[in-house]
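Trainee: Each residue of the sequence shown is one higher than the last, beginning at 0 in numbering that gives the first Met the number 0.
Hints were generated in silico from the structure; no laboratory data involved.
Please note that the accuracy of each hint is not assured.
[To be verified] Computed beta-carbon distance windows for the label pairs:
| # | residue 1 | residue 2 | range |
| --- | --- | --- | --- |
| 1 | Ala-43 | Leu-16 | 26 to 32 angstroms |
| 2 | Leu-22 | Arg-61 | 18 to 24 angstroms |
| 3 | Ala-18 | Val-51 | 38 to 44 angstroms |
| 4 | Pro-38 | Ala-66 | 31 to 37 angstroms |
| 5 | Ser-82 | Ala-43 | 22 to 28 angstroms |
Beta carbons are placed, not taken as given, at the ideal position from N, Cα and C, and that holds for glycine.
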Amino acid sequence: MPTRRWPLPVFASHVVLPAWLLLPVLVIGYAVADAALRPHVAWAAHVGGFLVGALVGLPLRRWSAPAWHDALEEGRRARLERS
């Protein structure tokens, strides 16, 4: 769902970002913080897992979502626009 919009609370307001932008920023931010706080963890293995997951996920982008998912996303989008 790379086009799904996610509200991100920033100070007193919400910034809505697409998932393809927000999620990698969060994952990388958490990884850097974790590597700084726990240096004994094999961070290279986590980076490798992230890269393999990205490579596996690229072909999956061509698959279309099922119809029930599209209906749920429309309802979610409508709720976000009302708020």
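Trainee: Against this structure, judge whether each hint is valid.
Mentor: Hint by hint, here is what the structure shows:
no.	hint	in the structure
1	Ala-43 to Leu-16: 26 to 32 angstroms	28 angstroms, holds
2	Leu-22 to Arg-61: 18 to 24 angstroms	19 angstroms, holds
3	Ala-18 to Val-51: 38 to 44 angstroms	20 angstroms, violated
4	Pro-38 to Ala-66: 31 to 37 angstroms	48 angstroms, violated
5	Ser-82 to Ala-43: 22 to 28 angstroms	42 angstroms, violated
The structure shown violates the earlier hints numbered 3, 4, 5.
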